[in-house]
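Going down the list, the protein sequences come from chains W and F. The opening residue of the first sequence carries number 2 in my numbering; numbering runs sequentially from there. The opening residue of the second sequence carries number 3 in my numbering; numbering runs sequentially from there.
Among the clues, some could well be false.
As the list claims (entries may be wrong) - EDC-like mimics (lysine to aspartate or glutamate), calculated; alpha carbons at most 16 Å apart, straight line: (1) F:K201 - F:E116; (2) W:K69 - F:E116; (3) F:K201 - F:D170; (4) W:K69 - F:E61; (5) F:K201 - F:E115; (6) W:K69 - F:E39; (7) W:K69 - F:E154; (8) W:K69 - F:E60.
As the list claims (entries may be wrong) - Calculated from the model, a selection of chain W residues having no Cβ within reach of chain F, i.e. all distances over 12 Å: (9) Q15; (10) N24; (11) E26; (12) E31; (13) G35; (14) D36.
No lab work stands behind these hints: they were computed from the structure. Glycine included, every Cβ here is placed at the ideal spot set by N, Cα and C.
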Amino acid sequence: MTLEPCDRCEEILQDYLDRTLTNEEWAEAESHLGDCDYCRRRYRFEETLRRYVRVSAIERMPPGLMVKLEELRGLDATA
Amino acid sequence: MQPPVGQGYGSRVSEVEPATDAQRIAAEARDRARFEEEALALADQVYRVARRLVGSREEAEDLVQETYARAFRSWRSFTPGTNMRAWLLRILTNLNVDRGRRVQRSPQMQPLEESDYYLANKLASTAGEEALEQEQVVERLSQDSVVTALSEISPQFREVVVLVDIGDFTYADAAQILDVPIGTVMSRLHRGRRALKQKLAEEALT
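Chain F on its own, in the form it takes in the complex:
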């Protein structure tokens, strides 16, 4: 007596299907582990941006942990082959805004930035043109004063300056991370750098 075709076919499927399922699960676990490793390898670079966006080391650590928790949960929404560092930073900057860490200063409180040569001219007028040489710059502006000046510029400008000048993101990446047009990135970057120099002039030369 021949076995019913359906049953035979069925039993073959029932042997094959769990294996396929298991393979699928194993493949997903591998993809996930690969994703997590790739993300963790970027942690130092993510932290360096976070650290300059918030006021303290503790806050930066919290922010990075929240970012990775969210990234690991939603790893499936990352498109392999795209820029993971930008993807992580987008999560991070959104979380930073959500948590209200980004303290907004009212716009009328923002002074108009001085021009681009401002700090150089200021240094040159107080200490001579030689003060603009590399060694002298390092001597006259302490690393602390740079960090303080950076923390004092308005958060909107700071975000862009930190992403581009410290995080090494392109204008296009920064625009994507912050979800603003590229022209906005450029104008905030230029104004932010000027504001930074103005703060540095106040910090270091008074």
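Just chain W, same shape as in the assembly:
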């Protein structure tokens, strides 16, 4: 089954952003992205989204927790 270029581009989007494509696949994606506005926007969107998910999902450790963890130091293997 041969995919349309945009479908193919969509298929390798994740691996492209994860940098796990083979050299040939990379070249294939680059060449299509160079010509295709639609896919280029979607790749950029995905990159933004990943960054945004990361920023939104990261919560700092509550300050009191470190104190509790410090208290666990020296715990005995038999305890």
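Starting from the known structure of chain W, fit chain F onto it as the hints suggest.
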């Protein structure tokens, strides 16, 4: 009269041995303290993964404390020079499964994820292609909706997405932490990211 050889030798040993013992104990205490400090320096990064694996801040705190309690008890089983963050997370994900915090949804309840362009296409169709620009993305999807969407995808997918996209673990680390083949990590990651986008589309655009 010469002292019996054995005794002299023995007395020398008895003077040396306690010292060697003490040195050994001191060295171990130093190794242990170093281990604990290294582990504590990673607490914030451990917490950020824990927080997204469970439903509440309290649960996340408990989980992190249980993880450190177990890590400190079994510090000798850590191989120095290997990835301590991955080692801690392996303890944490196992504890999380043990405690049944990971509520499993039955497989037939899992909808098939939409394709990778799904959210982008959805946004573009409701608000135009410009909606895909960086500032607009931030404007249209609240941070809360991201957190909610993440909490709603199936736990198996979420684990991998959280480890790789929030914890910054490599595929190989995630595979080691979860004790699954790397191919499983990749397929869960891809499906998990799609599921996340589908949830986000439902959350933010309805």
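Going down the list of hints, with the structure as the test:
| no. | hint | verdict |
| --- | --- | --- |
| 1 | F:K201 - F:E116 | holds, 10 Å |
| 2 | W:K69 - F:E116 | violated, 43 Å |
| 3 | F:K201 - F:D170 | violated, 22 Å |
| 4 | W:K69 - F:E61 | holds, 14 Å |
| 5 | F:K201 - F:E115 | holds, 9 Å |
| 6 | W:K69 - F:E39 | holds, 14 Å |
| 7 | W:K69 - F:E154 | violated, 30 Å |
| 8 | W:K69 - F:E60 | holds, 13 Å |
| 9 | Q15 | violated, 5 Å |
| 10 | N24 | holds, 19 Å |
| 11 | E26 | holds, 14 Å |
| 12 | E31 | holds, 18 Å |
| 13 | G35 | holds, 18 Å |
| 14 | D36 | holds, 17 Å |
When held up to the earlier numbered hints, the structure conflicts with 2, 3, 7, 9 and fits the remainder.
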